[in-house]
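Peer 1: Below are the chains, spelled out letter by letter.
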Amino acid sequence: MNVSLSSKVLHWCKTLIHSRRFSKSWMGKNLSMIQLMELDACTHCAMCTSHCSVAIAFEGIPNINILPSEKVGSIKALASGSPLTEQEIRELQEGVYLCTNCYRCTVVCPVGIDLQNLWIKVRELLLHRGVPELSVLSPLSYYRGLMKGETVAGDYEEPLTQAREAISAQCGLMKKKDEVLHLIPVDEKFKGGLDLSAQAKNFSVCFGCQTCTTVCPVVGHYENPQEVLGLLPHQIMHAAGLGLRDLALGSNMLWDCLTCYQCQEQCPRGVSVTDVLYELKNLAVRYTKEKR
Amino acid sequence: MSVKEDHKEVYWRFNVFHRFIHLVMMITFLGLALTGLPLKYPEAFWAQGLIFLWGGVKGAGLFHRWFAGITFGYFALHLLYVAYYLIVLKGKLMGPLSMVPSRKDFQDLYQHLRYFSGKGAPPQFGRFTYWEKFDYWAVFWGITFIGGSGLLLWFPEFFSRFFPGFWFNIAYTIHSDEALLATGFIFVVHLFNAHLRANVFPMDKSIFTGQMEAKKMMEHHPLEWEDLNRHPGEKEKRRVRKDLLFLLLILVLSGVLPSFSYSRGLTDEERMEAEKKICLRCHRQPNLNSNEGMATAILFCMDCHEKKDVEKKVDGKTVSVYIDPKEYGKTVHRRIACIQCHEGVASSPHRTHRFSCVSCHGYHGEGTAHDPHRSVNCEACHHESKEVKKDPKTGRIVLAKIKEGVPLKMTSHRLADFKNKEACKKCHFPENQVGAPIRVLPAKSLICMGCHSSSVTLNDPVSIVSILLFLIGIGATLFFWFQGTMVEPSFTAREKLSYIGEKAWQVIFSRRIWTLLKVFVVDVLLLRSVLKEGVGRWTIHSLIYLPIFIRFLIGAILLFLSALFPMSSKVAMLLDKNFPPIAFIYDFLGLCIILGAVAAIMRRLQGKTQKAVTGRQDYVVLGLIGAILLTGFWVEGMRILQTALPLSEALPSFIGYPISLLLGLFPIRWEVVYPFGWYIHAILTGALVAYLPFSKMFHILISPLVVLIKAAVGEK
Numbered sequence: 001m002n003v004s005l006s007s008k009v010l011h012w013c014k015t016l017i018h019s020r021r022f023s024k025s026w027m028g029k030n031l032s033m034i035q036l037m038e039l040d041a042c043t044h045c046a047m048c049t050s051h052c053s054v055a056i057a058f059e060g061i062p063n064i065n066i067l068p069s070e071k072v073g074s075i076k077a078l079a080s081g082s083p084l085t086e087q088e089i090r091e092l093q094e095g096v097y098l099c100t101n102c103y104r105c106t107v108v109c110p111v112g113i114d115l116q117n118l119w120i121k122v123r124e125l126l127l128h129r130g131v132p133e134l135s136v137l138s139p140l141s142y143y144r145g146l147m148k149g150e151t152v153a154g155d156y157e158e159p160l161t162q163a164r165e166a167i168s169a170q171c172g173l174m175k176k177k178d179e180v181l182h183l184i185p186v187d188e189k190f191k192g193g194l195d196l197s198a199q200a201k202n203f204s205v206c207f208g209c210q211t212c213t214t215v216c217p218v219v220g221h222y223e224n225p226q227e228v229l230g231l232l233p234h235q236i237m238h239a240a241g242l243g244l245r246d247l248a249l250g251s252n253m254l255w256d257c258l259t260c261y262q263c264q265e266q267c268p269r270g271v272s273v274t275d276v277l278y279e280l281k282n283l284a285v286r287y288t289k290e291k292r
Numbered sequence: 001m002s003v004k005e006d007h008k009e010v011y012w013r014f015n016v017f018h019r020f021i022h023l024v025m026m027i028t029f030l031g032l033a034l035t036g037l038p039l040k041y042p043e044a045f046w047a048q049g050l051i052f053l054w055g056g057v058k059g060a061g062l063f064h065r066w067f068a069g070i071t072f073g074y075f076a077l078h079l080l081y082v083a084y085y086l087i088v089l090k091g092k093l094m095g096p097l098s099m100v101p102s103r104k105d106f107q108d109l110y111q112h113l114r115y116f117s118g119k120g121a122p123p124q125f126g127r128f129t130y131w132e133k134f135d136y137w138a139v140f141w142g143i144t145f146i147g148g149s150g151l152l153l154w155f156p157e158f159f160s161r162f163f164p165g166f167w168f169n170i171a172y173t174i175h176s177d178e179a180l181l182a183t184g185f186i187f188v189v190h191l192f193n194a195h196l197r198a199n200v201f202p203m204d205k206s207i208f209t210g211q212m213e214a215k216k217m218m219e220h221h222p223l224e225w226e227d228l229n230r231h232p233g234e235k236e237k238r239r240v241r242k243d244l245l246f247l248l249l250i251l252v253l254s255g256v257l258p259s260f261s262y263s264r265g266l267t268d269e270e271r272m273e274a275e276k277k278i279c280l281r282c283h284r285q286p287n288l289n290s291n292e293g294m295a296t297a298i299l300f301c302m303d304c305h306e307k308k309d310v311e312k313k314v315d316g317k318t319v320s321v322y323i324d325p326k327e328y329g330k331t332v333h334r335r336i337a338c339i340q341c342h343e344g345v346a347s348s349p350h351r352t353h354r355f356s357c358v359s360c361h362g363y364h365g366e367g368t369a370h371d372p373h374r375s376v377n378c379e380a381c382h383h384e385s386k387e388v389k390k391d392p393k394t395g396r397i398v399l400a401k402i403k404e405g406v407p408l409k410m411t412s413h414r415l416a417d418f419k420n421k422e423a424c425k426k427c428h429f430p431e432n433q434v435g436a437p438i439r440v441l442p443a444k445s446l447i448c449m450g451c452h453s454s455s456v457t458l459n460d461p462v463s464i465v466s467i468l469l470f471l472i473g474i475g476a477t478l479f480f481w482f483q484g485t486m487v488e489p490s491f492t493a494r495e496k497l498s499y500i501g502e503k504a505w506q507v508i509f510s511r512r513i514w515t516l517l518k519v520f521v522v523d524v525l526l527l528r529s530v531l532k533e534g535v536g537r538w539t540i541h542s543l544i545y546l547p548i549f550i551r552f553l554i555g556a557i558l559l560f561l562s563a564l565f566p567m568s569s570k571v572a573m574l575l576d577k578n579f580p581p582i583a584f585i586y587d588f589l590g591l592c593i594i595l596g597a598v599a600a601i602m603r604r605l606q607g608k609t610q611k612a613v614t615g616r617q618d619y620v621v622l623g624l625i626g627a628i629l630l631t632g633f634w635v636e637g638m639r640i641l642q643t644a645l646p647l648s649e650a651l652p653s654f655i656g657y658p659i660s661l662l663l664g665l666f667p668i669r670w671e672v673v674y675p676f677g678w679y680i681h682a683i684l685t686g687a688l689v690a691y692l693p694f695s696k697m698f699h700i701l702i703s704p705l706v707v708l709i710k711a712a713v714g715e716k
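Chains A and B are the protein sequences, given in the same order. What the first sequence shows, in the numbering used here, is residues 1 to 292, in sequence order. What the second sequence shows, in the numbering used here, is residues 1 to 716, in sequence order.
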């Protein structure tokens, strides 16, 4: 009891000291002076959090850095040179990326802190640290695409490539073209995992008519699609039906999919092709995160 | 109108204001020169005569300051007139009608010099010639520099807070030498130029009459004349209407003359003053400001008091009032006439009404003595006698004249030694009869300024340590900020600093300062953006913050006033925390803060509507504020209990007084507890001050700063 109390006090003193450190930090050097002042001006009144349009995501993803008022704290800690663990920085990176850029936080802040631009700045800084952020692979992360013109040439691609590298490190088949696969044993658990959502459990009715592959604009874009994309949509459906996890997750098609829903609409068997691709993507991300 | 007729007309050259200012300036300038010059050449034969005319050096100084005051007055009037001319009359700053030098003036000077040496025609002048402009600017800068340095010398105590000592030496040189230059310039250059020019000699009266004949105008200001002829309307306005002037004269005289016939009787005061003069015809009071007068006055008193058998009766007891001249000669006040301190002693009956230390000495600030000492007479502390008592009638602490039935001899003029704190122990000891705390407590310092009127001092360890920690926090914050980028990533800290400085000046001296003021009032003081979040939140916020701000403001204003008017008894009264309005306001504001802190904690405990994660910091800070307030009221209660204030003075402390009654119910010796309570209150405050830069409460300083910077930069 005594020990835990003193260690508590010690911890508290540590955080107190680290809230102000006479050492320059990588984050601090890259933010502007007014942004650093704004970090100090934050009163933690949580007005931003109560208006945040993605705060609801906190109920699904237990990452406190999704809430803007908490993000400020983490960024301040990082800027004051506090020794955050890699895990904490990774959480901040995710929190700062899970944002719709709706600017509500900036508008409601009583002190007038320009929070939105702070997120954008910190997001780019953290992304260029080289630690892959898998959320960039979401088709909803189009905001970075809109900002493409403002980023330095080459910088835009970098986080995307990093994320793909991270995934392919776990799903080996993305890189290998010639690999002899053992049909047995089949990963039954994998097949069961796909049953999680009601929409995406109907892949087994696929009879391989290739309608999905034929209408896919991504497939149509390439002279030799198999060489670039790996498995094509109907093959992925089939691999999923067979329970071949390596095959299904090892296709580049997953990450090049535009989610235009052409395949799903055209399928004569009513397979939710796009939804299945979605599930697979989420599975791959979860898998990669677990392995990390 | 024909040209010939035109020549007889007279036109306005200077308006009433111009002439008035010139006349006032002429009189005050001559006055300043005549009072000031004897000081520069004190050995000269005429200096003594002049000083005699002014009634001595003091009189000359007084007149000099009067004239200086008038000078500042008309200078301000002139600046106002310039503003009026530019804004209301839509006059132009540059151009032919202006005093601002233009290229033409230099050309005129060149041409004039050529003309003097017989080469070419004289120049054609506009409304103002180049030497007139030179005169104007000589006076303008003269007043600025001589006046400015004069102010420095007039109020050295005030300005020495801002400027180092050698500035006064420089000011002295500037004041005397530039004044000599100005005097020389006026008597040689200005008078010669104005009156001794050809065609003007013997005198140019236009600055007094304001008028100038058309003939002269054509000759001396041909360009202006041409300009007038181009604008007939303007010309008609400038024409002197003698009929109207006559009418005006009659009107004025009809108003002024009857007023001379009215005379009023003397007021009582004036009559007494007059009677005094009658007395003083024979009973001349010596001039106490002169050595001779002072010595005369002391000797007059000593005539009796140096006799060993002089005595008086106090409560039926005989007390010696013998004063040992040798002993008296060792005291600090030995060169002050007795009647200057012992007021009213020269009238009948022969007794001192009161000592008037504060006619020479200022009141103590909070730093030297606590405000409870406002109810202590000066001599109670400063006299070497160890016997004091509380006057039951007035409640003031005074010197006791009788101790245990034995009268005390009071005629020693030696003062108590305050270098050691032993002198304080004549009141501050256990079971004293005057209600003083047992321990001698330090004065309120810088850290108390938020809520109390205190002095800018740091004398006790609590203040020093907390302020040191506070400064470390500020330093770390600045370090934290300055690692950020600004404008260009390559900026060094020094470049950042100079950039900030440059921008700050640009904003302060631009119209944006009004926007900043508006933002300060609306967003910082009235917290508009917090109100937008919700009335409840705003109420809690304002309940804590506004009272502290108002208490700080009262303290700051009083500190400023007591620095400006150290002799003022009114300021001293306001500084007294028992002064009913102040006591009431302080208690009321304190109550508001407690309510706010309680409401804030309740809100947190009830669970907020937002998904905020309340940190431990919040409770620490709110708890500190609440505890400071509670201990504050507790200490106030103990203080009121000890000092046993009369009900009329205690009641305005509508929280402290009930607390004191409550405390009185407990059989505890509160006077022993009081110092501890006081120190707990001080240490809590010190903790808050030291913790401030490390806590989120730092936003009370930084948020306004950020809001103002954003407003200054012009961001929405």
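Mixed in with the good hints there might be a few duds.
[As the list claims (entries may be wrong)] Label-pair distances were calculated between CB atoms; the ranges are:
id : chain 1 : residue 1 : chain 2 : residue 2 : range
1  : B       : Pro581    : A       : Ser4      : 45 to 55 angstroms
2  : B       : Phe163    : A       : Ser7      : 15 to 25 angstroms
3  : A       : Gly60     : B       : Val598    : 46 to 56 angstroms
4  : B       : Val598    : A       : Ser4      : 45 to 55 angstroms
5  : B       : Pro392    : A       : Val9      : 33 to 43 angstroms
6  : A       : Ile61     : B       : Ile680    : 43 to 53 angstroms
7  : B       : Pro461    : A       : Ser4      : 24 to 34 angstroms
8  : B       : Pro156    : A       : Val9      : 51 to 61 angstroms
Note that these hints are calculated values from the structure, not bench results. We treat Cβ as the ideally placed atom computed from N, Cα and C, and that holds for glycine.
Peer 1: Could you run down the list of hints and mark each one as holding or not?
Peer 2: The hints, checked one at a time:
Between Pro581(B) and Ser4(A) the beta carbon distance is about 53 angstroms. The supplied range of 45 to 55 angstroms therefore holds. Separated by about 55 angstroms at the C-beta atoms, Phe163(B) and Ser7(A) break the suggested range of 15 to 25 angstroms. Judged by the Cβ atoms, the range 46 to 56 angstroms given for Gly60(A) and Val598(B) is violated: they are separated by roughly 37 angstroms. Between Val598(B) and Ser4(A), the C-beta spacing of about 31 angstroms breaks the proposed range 45 to 55 angstroms.
Under the hint 33 to 43 angstroms, the C-beta atoms of Pro392(B) and Val9(A), about 54 angstroms apart, miss the expected range. Hint check: Ile61(A) to Ile680(B), Cβ distance near 47 angstroms, so the stated range 43 to 53 angstroms holds. At about 33 angstroms, the beta-carbon gap between Pro461(B) and Ser4(A) stays in the expected band of 24 to 34 angstroms. Pro156(B) and Val9(A) have their C-beta atoms about 54 angstroms apart, which keeps the hinted 51 to 61 angstroms range intact.
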